[in-house]
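Build out the structure end to end from the sequences listed, making use of the hints.
Residue numbers (numbering that gives the first Met the number 0), protein chains in the order written: chain A, 0 to 249; chain B, 0 to 99.
If you are wondering where the hints come from, they were derived from the structure by calculation, not from laboratory data.
Hints are supplied without guarantee of correctness; some may be wrong.
So the derived label-pair ranges between C-beta atoms look like this [to be verified]:
id	chain 1	residue 1	chain 2	residue 2	range
1	A	N249	B	Y23	32 to 40 Å
2	A	K168	B	Q61	42 to 50 Å
3	B	S85	A	E147	19 to 27 Å
4	B	M8	A	K125	58 to 66 Å
5	A	N190	B	I13	58 to 66 Å
6	A	K137	B	T74	53 to 61 Å
7	A	E235	B	Q61	27 to 35 Å
8	A	S212	B	D92	21 to 29 Å
9	B	I13	A	E182	26 to 34 Å
10	A	T178	B	P12	39 to 47 Å
11	B	S85	A	Q232	18 to 26 Å
12	A	S152	B	D83	19 to 27 Å
Facing chain A, from chain B, some residues (calculated, C-beta under 7 Å) [as the list claims (entries may be wrong)]:
id	residue
13	F6
14	V9
15	T62
16	L65
17	K66
18	S73
19	L76
20	I79
21	Q82
22	P88
23	L91
24	F93
25	Q94
List time: in silico DSS-like cross-link candidates among lysine-lysine, alpha-carbon distance up to 25 Å [to be verified]:
id	chain 1	residue 1	chain 2	residue 2
26	B	K78	A	K100
27	B	K2	A	K233
28	B	K66	A	K242
29	B	K68	A	K242
30	B	K78	A	K200
31	A	K243	B	K78
32	B	K68	A	K167
These figures come from a predicted structure and were not determined experimentally.
Quick reminder that beta carbons are idealized off the backbone N, C-alpha and C, glycines included.
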Amino acid sequence: MKKRIFFLSFLGFIFAFFLSFKFIYGQSSSSKTDNEYQTFLYRLVDINQHSQFYLSMLNQNRDSLNLSSNNNLLQALKDLQQSRALAIESYFIYLRSELAKTTKILEYQDNLAYVYLDNYQTEARKFSEEIYGLTDWKEIKQRSLRYEENYLSGRKLAYRAIGLINYKKFMDFLSFLLTLIEEESIPDEENLVSQINLIKKDVQAQQRTFLASVDKNSDSQGVLRNHNQFLSQKKEEVALLLKKTINNLN
Amino acid sequence: MKKIQKFLMVTSPIFFLLILVLAYYLTGTNQTKLSIQSKANVLPTPFVFFEKTNEDNIFNSQTANLKAKLADLSTDLEKINFQDESVFPPDLDFQFQIPE
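Written out as structure tokens, the structure reads:
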């Protein structure tokens with residue numbers, strides 16, 4: 000009897016141990032991206048403070064401005080540039096981890112986008128470290144201009160990544176809905192399956208157009224806005240279909 | 000060997016309880032309560048043997064189940080916000096004016 004109690008409690012112990020591990024691990028991995036996004040937001044606040052500091056230094060020194068000797072002003076400017084680069088670094092880390100969740104459906108070109116995001120993140124880190132070593136105004140300006148160009152191409156890729164993340168979210172939802180309809184054999188009075196499949200095809204076609212134009216268009220932000228608007232419209236259509244199906248079940 | 004066996008016999012139930020308590024608190028009591036509540040909504044309604052037959056009740060509970068699932072999906076869909084521009088890349092100008 001004692002042996003049996005011992006054996007059962009031992010089994011229970013091992014089960015509880017693994018269960019608690021699973022929960023703890025699950026919680027930490029889900030909050031990871033939130034933390035990265037929070038870091039990015041904190042850094043944006045940091046930039047605001049640095050910008051104000053830089054401007055106040057400029058105002059104070061306006062009358063007796065001597066660039067070669069004004070160390071405080073130079074330092075304020077370097078701090079500002081570094082904060083900007085660090086904010087961008089954490090932004091790319093956040094976006095990369097969000098995109099990493101979508102790799103299951105991504106094709107080669109989009110895996111490449113993931114690698115590029117990685118490069119832009121490294122570039123931001125490099126810039127934030129380099130800027131501190133510079134002592135000359137001209138050097139700082141040249142390096143900043145080079146980094147600005149780099150960031151502008153990185154920004155285009157960021158718009159592309161956001162479009163991909165949204166597409167993945169919607170397609171996942173539609174696939175889940177179709178599986179549910181199939182498993183639960185929901186009465187198809189509204190031709191739910193065929194309508195959802197049509198929406199799915201529309202979204203896939205839109206995604207191809209988006210991917211073809213987002214990098215090449217000068218207004219990448221506008222292209223992403225249109226893409227998001229399209230997804231929202233389709234979302235409303237699905238919501239309406241769901242509502243009708245629920246009403247039909249009454 | 001017997002000493003180890005005896006030690007394990009005494010300590011393992013204590014560990015078991017401890018880990019259970021730990022897991023309960025780490026996973027968040029509120030969340031657990033919420034998930035129990037949401038499951039309660041999905042549970043089939045108990046059979047009533049008055050006017051309706053068993054088959055009617057089974058059919059009703061299945062429909063209620065289905066409706067709850069679809070309603071959950073609608074809520075999930077509402078939560079997806081495609082037009083959230085807070086995740087757009089920051090517009091940080093690196094070009095600065097060197098004071099003249």
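Each hint, compared with the structure:
Checking the proposed 32 to 40 Å range against A/N249 and B/Y23 shows it holds: the Cβ atoms sit about 39 Å from each other. In this structure the hint that A/K168 and B/Q61 lie 42 to 50 Å apart at CB is violated, the actual value being about 30 Å. Our hint of 19 to 27 Å for B/S85 and A/E147 holds, since their Cβ atoms are close to 23 Å apart. A hinted range of 58 to 66 Å holds for the C-beta pair B/M8 and A/K125, which are about 60 Å apart.
In this structure the hint that A/N190 and B/I13 lie 58 to 66 Å apart at CB holds, the actual value being about 60 Å. Distance hint check for A/K137 and B/T74: the Cβ-Cβ separation is about 57 Å, which falls inside the suggested range of 53 to 61 Å. A hinted range of 27 to 35 Å holds for the C-beta pair A/E235 and B/Q61, which are about 29 Å apart. At roughly 25 Å, the beta carbons of A/S212 and B/D92 sit within the given window of 21 to 29 Å.
At about 43 Å, the beta-carbon gap between B/I13 and A/E182 misses the expected band of 26 to 34 Å. Separation of A/T178 from B/P12 is about 42 Å and conforms to the stated range, judged on CB atoms against 39 to 47 Å. Checked against the hint of 18 to 26 Å, the C-beta distance between B/S85 and A/Q232 comes to roughly 21 Å, which is consistent with it. Hint check: A/S152 to B/D83, Cβ distance near 24 Å, so the stated range 19 to 27 Å holds.
Hint status for B/F6: violated, given a least beta-carbon distance of 11 Å to chain A, over 7 Å. Proximity of B/V9 to chain A is violated relative to the hint, the smallest CB-CB distance being about 9 Å (cut-off 7 Å). With its C-beta approaching chain A no nearer than about 6 Å, B/T62 sits inside the 7 Å limit, and its interface hint holds. At its closest, the beta carbon of B/L65 sits 6 Å from a beta carbon of chain A; the interface hint therefore holds under the 7 Å criterion.
Checking B/K66 against chain A by beta carbon gives a least distance of about 5 Å; that is within 7 Å, so the hint holds. Here the hint on B/S73 is kept, as its CB sits about 5 Å from the closest CB of chain A, short of 7 Å. The criterion of a C-beta within 7 Å of any C-beta in chain A is met by B/L76, whose closest approach is roughly 6 Å, and the hint holds. At about 6 Å, the closest approach between the beta carbon of B/I79 and any beta carbon in chain A falls short of 7 Å, and the interface hint on this residue holds.
Of the supplied interface hints, the one on B/Q82 holds, with its beta-carbon coming within about 5 Å of a beta-carbon of chain A, less than 7 Å. The interface hint given for B/P88 is met, as the beta carbon of that residue sits about 4 Å from the closest beta carbon of chain A, less than 7 Å. About 5 Å separates the beta-carbon of B/L91 from the nearest beta-carbon of chain A, less than 7 Å, and the hint is met. At a threshold of 7 Å, the smallest CB-CB gap from B/F93 to chain A is about 4 Å, leaving the interface hint in force.
Among the interface hints, the one on B/Q94 holds; its C-beta lies about 6 Å from the nearest C-beta in chain A, closer than the 7 Å criterion. Using a Cα cut-off of 25 Å, the hinted pair B/K78 and A/K100 holds, with the two alpha carbons roughly 18 Å apart. The hinted pair formed by B/K2 and A/K233 fails the criterion: a straight-line CA distance of about 68 Å is larger than 25 Å. Pair hint B/K66 plus A/K242 holds up; C-alpha atoms about 10 Å apart against a cutoff of 25 Å.
Of the supplied pair hints, the one linking B/K68 and A/K242 holds, its CA atoms being roughly 12 Å apart against a limit of 25 Å. Simply put, B/K78 and A/K200 have alpha-carbon atoms about 23 Å apart, close enough for the 25 Å limit, and the pair holds. Between A/K243 and B/K78 the CA atoms are separated by roughly 19 Å; this keeps the pair inside 25 Å, and the hint holds. Restraint check for B/K68 and A/K167: the C-alpha separation of about 22 Å stays at or below 25 Å, so the hint holds.
Hint violations for this structure: numbers 2, 9, 13, 14 and 27, all remaining hints satisfied.
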